[in-house]
Amino acid sequence: MGLAISVLTALVAPVDAAEPKRGGSLVYAYLSGPGTLDPHVASSIVELEVIHHIFEPLVAIDGNYNARPVLASKVDTSADAKVFTFTLRKGVKFHNGKEMTSADVLASFERYRKVSPNASVLADVESFEAPDPLTFVVRLKSPNAVFIDVLKSPVYPFEILPAEQKDKAAREIDIIGTGPFTLGEWVKDSHLVIKRFDGYVPDESAPGPDGLAGRRTVYLDQVRYNFVPEANARVAALQTGNADVVGDVPRDLAKRFDGQPNITTQKIFPYCMQVFVVNSQAPLTNNPLIRQAIEAVVNVEDIRGAMGQISQPGHSLVYASSPYYQGDAMKPYYDQRNPAKAKALLKQAGYNGEKIVLQTNSNYPNFRDAILVLSEQMKEAGMNVAVDIVDWTTNASNMQRGTGVWNVSTTGYCSNPLLGPQQWKVMFYTFPQVKNDHVLDAAYDAFYTSLDPKKRVAAWADIEKRVLEQAYMIKIADMGTMRSFNAAKVENFEPYYLVHFWNVWMK
Amino acid sequence: MLRTISVRLVQSIPVLLLVAVLSFILMHLLPGDPAVVIAGAEATPAAVERIRHELGLDLPIWRQLLSWFFNLAQGKFGSSLVLNQTVLSAVGERLPVTLSLAALSLAITLPIGVALGVVAAYFRGSWIDAAVMMVALVGVSVPSFWIAILSVILFSVTLGWVPSAGYAPLLAAGPGPWFGSLIQPAMVLSLFQIGFLARMTRSAMLDVLDQDFIRTARAKGVSEWRTVGKHGFRNALVAVVTVSGIILSLLIGGSVIVEQVFALPGIGRLVVQGILARDYPLIQGTMLLFGFAFVLINVGVDIIYTLVDPRVRYD
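Chains as they are written, first to last, in this note's numbering: chain A, 1 to 507; chain B, 1 to 315.
Excised from the complex, chain B in its bound form:
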């Protein structure tokens, strides 16, 4: 297993290099000048030019790229142009927020999405199936931005159950406020993923429930609970694990909008601000770290495959 993980990580190096080069080129292709953002709207053209020079933005692109790679090779991700902190510290400060949000969303998404998918598959063609798929369709289709605003009006303004915005850190504020600040955004973020996971689980379960071994189990008089729950679900689990890996990636991506609406100081908000300010080092560094995170998620999914399905072997 260790060898598998090592090989996977080594194989990911070219992918990460590609991500690095692409993120660098794409950021620099964007029109708009970070020096203008830094200098401010009232700055003279000379002041803007001075800042461009100080930041090395007047150098040819290839020299900027080489310099960035040279620093990367030494483990330096550079410093944000506008935050007055290194990329790693900027990301490090905001990572717990996004990870907390993603973990809570996953904890909501997985049981509900899988349960809905299994129930829909079991009652295939019935009104239950139709109702579950309708809920899933709504979850997938409705923009999370709109859901977030409705949710704030209902749960914060009308019912007063949870705060409308802001983040309470776990260590400083305690588990109660931390949970209170995250539960609403996590639910909003989960809605899309639950719909997605339910549809995928249903489809995987339908494939399995049509298999001969399920018919055999039923013919042998195995209880329905055991047939569906153990034989059926266990075999559908490989597909569910695959989807869960994708969902985790989507949760991190989806945090951009939710963090913005609920004023959570996470990576999503950092990325939005970085792009708006053309903060090249910040965006390049964040993209690279995201790329690395996705590689790790995929390796994690591969490992879980071997646990849920002993037929899967990488060695």
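Isolated chain A (complex conformation):
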């Protein structure tokens, strides 16, 4: 009788739309495909969006962008912040069926040190040790209070590979991880398929998914990433049912979804930050007064209005949710709209109308438009401005290597503001070409060696103030991105800065 009632109830009860359903394929249209799936050398979002489905690190960022164990079950930090002991989860399997042990972790870190462009963050490592199959120990030469935060980075992620791949050159590994998906078909420039890994061992200690960590469950049979560079074609793909989710939807094209009740558009914040980068080594802008004059003329509203992406004003180099957020302390350097102050600074600097070169690129309209508006704002303050538009590769090379003739350029940083001071460091020094700034150096030393979180926050205040006060970087805005999906077909697709397809199902 009891069984009969249960069956009857099941037949007459309405289907709960929120009940997960296993199976089905999801098509995601994004602007391009990965160049590589080797996690130790991958930094672009198109690569990371695939990689985090296939590989897993010891710790990853959670929903609030804090570090949280993934392949580790717990992490112990010594009192002097020089020894970090990771206890690994037992029974985790690679896609080839082999069980993951500390030998794989050790091999992965050693490979990282050899091949990753981010290997410098491990420069202070004295040794990696694997005393038993479930314990991995990192010993540092000097204290690093944020070492775990370094390891949570989703950029050049510290993913664990099978030990046999230790000596594989960059970009030449077999794509085998412990993640909830395995790599299926990958046709360069066309599409890539990831498939559910039925041998996946989720983190049972977590109640559910949490950012890139937590308990991840895969309901979909597979996800197909279609690489569609043209935004109109991506939008059309969602409208015609050729895609279920589309990424990087331009602000203007999103209007095409108006009146289509099945299509839901997410605005993703935080996502990236856009800043002006000021070359501290090029003539004219090697003078802090000139840099500060440029900072003084910036009118953020005009610049944001010209850019085709969604954005929000924001004066800080970290987000308000971050423990490093300094309230209004950095506001004086932001959106000053003060040409009179700029003129006074220029006069003090002895500026005589020499040419200031603004360099931008034709590939990213939001970068180009920001520079064009800035050039007009600088002209109003009496600066002689020349705009040089090149392609993105030239622009990026010039900023990163300090080559070319340019004083100001612009770019966007995505993970750095989310992850905090340790992730900002390379950007602060590299892009504006900062050299011999002892104030900044000392602030960073204090940051890494302060075991007291309050002192680290104070050190970050000094770092942020120095960067903005010296106008190495001038904050423009917090930039978002838009993703749209077919809500009639796709369930539980949550907004997060990197797209992910665990805990998502097809209706």
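Check before you lean on any hint, since a few could be wrong.
Looking from chain A toward chain B, a few residues come up when the C-beta cut is under 10 angstroms (computed) [unchecked claim]:
(1) Ala-206
(2) Gln-222
(3) Asn-226
(4) Ala-236
(5) Asn-395
Computed list of lysine to aspartate or glutamate pairs in EDC-like fashion (alpha-carbon distance at most 16 angstroms, straight line) [what the hints assert, rightly or not]:
(6) Lys-114(A) x Glu-224(B)
(7) Lys-168(A) x Glu-54(B)
(8) Lys-355(A) x Asp-388(A)
(9) Lys-465(A) x Glu-494(A)
(10) Lys-114(A) x Glu-49(B)
(11) Lys-90(A) x Glu-204(A)
(12) Lys-141(A) x Glu-129(A)
(13) Lys-21(A) x Asp-221(A)
(14) Lys-230(B) x Asp-212(B)
Hints were generated in silico from the structure; no laboratory data involved. By construction, the Cβ of each residue, glycine as well, lies at the ideal position given by its N, Cα and C atoms.
With chain A's structure known, arrange chain B on it following the hints.
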């Protein structure tokens, strides 16, 4: 004929050498550093320098050129800096897509372009002539990028006839999906070429229709269909064949934009990505292969000349 083809191919060697040297020099003249692209935006300057060294990009240009030629002499086109595959395999994977697109476009362009040109010439000065030339002018003038977007909105979004983007391989997906994935981009790509071919055909036909032998044929009472179709068109065909060779070259070149809009994984897209990433070996290798393809097209056109006009002899 075989001798002609052999001579033509041998004659093309200096051209290909010139293409090789020019493509090498032009790529290396471009500012921008492939090591920065490979290392990524978050890389330290030291990491970028390490990659430059590993790739040999810190060597003098002349040494890089010599090394490239040394490998070429052994039939090695090198490996892409960013794709983790050889240039030949990268091109080989994408070639069927571009060739399919070019073939389908040519199949659309040739009959329509020639027919429009012949009709316009026959009805010279009439409203038909004006209408055809207007269509041709629009086809030549309107940017293919814009046409592609309008086409997607009409045929994919509004009518739902064809997919908006993506490629379905012939062998894996079957002829139907393959044709469906290519017909829209092929039509867009053809629009410019149809206009070009119609104008060229019209002009060649007008030259022929003014000739004495056409007047003679008409005076002898030969039917209009035979006069224009056989005597007229046959003689205008040499010009049409010449233009068709150019069109085939333009189709391959024009695939760059169309492949980008319709997300087709062809050579055009490969070249765009290669240039953006400063993937020197890939671009140099592709340019060389393009050069070779154009030489082959020209040889093919020469052969067709002899078939359509027996007066043309190379021996």
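Tested hints:
no. : hint                    : verdict
1   : Ala-206                 : violated (28 angstroms)
2   : Gln-222                 : violated (16 angstroms)
3   : Asn-226                 : holds (6 angstroms)
4   : Ala-236                 : holds (4 angstroms)
5   : Asn-395                 : holds (8 angstroms)
6   : Lys-114(A) x Glu-224(B) : violated (79 angstroms)
7   : Lys-168(A) x Glu-54(B)  : holds (15 angstroms)
8   : Lys-355(A) x Asp-388(A) : holds (12 angstroms)
9   : Lys-465(A) x Glu-494(A) : violated (35 angstroms)
10  : Lys-114(A) x Glu-49(B)  : holds (14 angstroms)
11  : Lys-90(A) x Glu-204(A)  : holds (11 angstroms)
12  : Lys-141(A) x Glu-129(A) : holds (14 angstroms)
13  : Lys-21(A) x Asp-221(A)  : holds (11 angstroms)
14  : Lys-230(B) x Asp-212(B) : holds (15 angstroms)
The structure does not agree with the numbered hints 1, 2, 6 and 9 stated previously, though it agrees with the rest.
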